[in-house]
Amino acid sequence: MAIPVQSMTGISNARLNVEMNTTSFQKKSRSKLLSIPGTRPSFQNGQLLVSTGTTSLDYVIGGGLAVGTLLLIEEDVFDSYSHMLLKYFLAEGIVCSHSFLIASAGEHPDDILQGLPAPVLDDVPKDEIGKINQRRENDVSEESQDSMKIAWRYQNQPKVQTVLAASSRFGHYYDASKQMSAETFESAEYYPFYLPAEVHLKYSVSSNIHIGYIKLLRFIQGVIHKEGFDRACPQSKTRNILRIGIHSLGSVLWGDDICCKDDPLYAYSLTKFLYGLRGLLRTSLSVCMVTVPSHLIQNKAIMGRVTNLCDTVIGIKSFNGSEKDANDLYKDYHGLVCVKKIPYLNSLICELPDTRDLAFKLKRKQFTIERLHLPPDLSDTVSRLNKQDLAESSKLLRMGCGAAATGKKHLDF
Amino acid sequence: RSPELLFYVDTTEQLFGQCVLLSESKTDGSFLIHHFLSFFLKAQCKVCFLGLVQSFSHYSTVAREKGQLVFFEGLRNSLDMLLPESDASDAEPQPLSFLRWPSTDLRNLFDFVNSSLSQSENDMSRWASPVLLIDDLSVLLSLGVNPTAVLDFIHYCRMAVCSKQQGNMVTLVHNEDDLGDEDCDLVLHALTHQSSLILQVHGLNTGYCRDVHGQIQLRWKDKFQLKRDHTHVFQYKVHDKGVSFFAPGTSSAVL
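Sequences listed follow chains B and U, in order.
Counting from 1 along the first sequence, just add 51 to a position and that's the residue number in the numbering used here.
Counting from 1 along the second sequence, just add 1 to a position and that's the residue number in the numbering used here.
To be clear, the hints were calculated from the coordinates, so they are not data collected in a lab.
Even for Gly, the Cβ is constructed at its ideal location relative to N, Cα and C.
Some hints could be false.
For each label pair, taking beta carbons as the anchor points, the in silico distance ranges come out as [what the hints assert, rightly or not]:
id	chain 1	residue 1	chain 2	residue 2	range
1	B	K312	U	P94	27 to 37 Å
2	U	W102	B	G157	24 to 34 Å
3	B	I262	U	H190	29 to 39 Å
4	B	P243	U	N147	35 to 45 Å
5	B	E237	U	H190	50 to 60 Å
I would like the entire structure built from these sequences, with the hints used as guidance.
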């Protein structure tokens, strides 16, 4: 499928059609493909996608994160797994040599940078060729290294990728136990924003939006304009993507009070900021991941408005510390993932997953998101009482996700 | 045979000076916006589209003639207001000036709508009745506008477009029922009273489903209250090139 590229606001897709009789689809043949390392076009609506750093999350949100959109992660209670996802997102930017911007009010961006996980450097992930590898090792030990009998297709692949050049592969794996070495991110284009260190603005702003957000918005606008991500002067640089990662937006550290009051003074600050951010993203080659401590926001209507202004929304709920931790059924997983919103971009439909009951587990080299599959209860103490209890607890745990049934009736007709 | 949405909505004699309300809850109703946009453009109406949530390329249109569609891209214009370059106020009033000075109402936005839809003499011969399309009104509430100001704006638009020029108005409101957003509830109820055609799009009560994307309820209100309102309920699934409607429970996945 040819991918037409005209503007950076979005790749206009002539496939969209509402009338059921005729189609206005025109295959654009003579078009230039935007080739930026680390991106690929979506098969579904022609948007340019980047990886979020976690391949299973890419799959859940429809292949990847579209350039120009905003991904919101609703943090888990201790901000452990959502922080991990943010780090994967930034690490992916380094591996694909994208520019990136880290904005934080609590932890210094340099500390976040030091704590990024190291990429797994083998060219082919171990899961895929596990068995073949084993057989190959057994055979090859006697013969010379050059000829491979079974895995002959891999003959010409390099064994270990030693030079971390701008990887053209989409999606990588990261080792959570190792930290990224300093020389890996030395050459990266990195723009930190640390709220306590920011200087005062030159002139006052009276738009009733909190000063911290104004500073951040101005900073992002400055970076986009100065470094040419908005294509204002096309001859200046080769094209690259700007990845923006914002940690714990809306928390008290940003100066906002939506997390401590039911009727906050700055009720509209966060939504105004997100609206401005959305405008900046749509008009530039950038992509943004934001984490928000939604469990602290007292007024649910505010969270609803925030969800409406973001393109993709994922909620993370970990089992840490909750009584479900001891529950046998959930022992394989670390928590639940809830897909609250997926964007409809330049098309009538979006990539909808099969199911929204998803759970995640964090292994050393992989963050997997899987369909929540509860195995049959074969324990000795199985009884009707037990089952009811489990059903209640699973319903309560999923209540926060919002995709569960809301009506009393179990039929729609 | 699946009933066609077009059959119930598109008779042009009925859509004359009407106010249409689209309400979405727990799902995405943007396919209705796309439908009305292309419908009115094909009917040779002049359209003023306030696109507050998406960029222009999202709405692939069939408008080829110059001047038929006036698109206001809210996202682009908002940055000038949120991050002003200088302290001095602009000479020309900006449509989104409420972002910069929160105490003002939506007067400037209405002036923009009025000026783009007021027809000169040669305009009248070229285009049929004017149309105002708003996607999405609840974003204005998220940006801190008072619900009374929003209702005033809608009232002014209705007088200018529907009464004076016999045009049509289509507004999309997004409201999640169970979140207790009082401002949004207020606006939605007021608009439900004022509109003559209401299309409510709901996610399914039993949760998410891949084959049935939601339920749509169409309500035609009779102006003179002589007979009861017509109400139709369908379930729908959105495809690549259109939407298919079917009676509740008769999805192809079920039958």
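### Message
Given the hint of 35 to 45 Å, is the C-beta distance from P243 (chain B) to N147 (chain U) inside that range or not?
### Response
The hint (35 to 45 Å, Cβ to Cβ) holds, given that P243 (chain B) and N147 (chain U) are roughly 38 Å apart.
### Task
Indicate whether the distance between the beta carbons of K312 (chain B) and P94 (chain U) respects the range 27 to 37 Å.
34 Å, holds
### Task
Starting from the hint 24 to 34 Å, judge whether the C-beta atoms of W102 (chain U) and G157 (chain B) obey it.
32 Å, holds
### Task
Take a look at whether the Cβ-Cβ distance between E237 (chain B) and H190 (chain U) falls inside 50 to 60 Å.
59 Å, holds
### Query
At the C-beta level, are I262 (chain B) and H190 (chain U) separated by a distance inside 29 to 39 Å?
36 Å, holds
Checked against the numbered hints given earlier, the structure satisfies every one of them.
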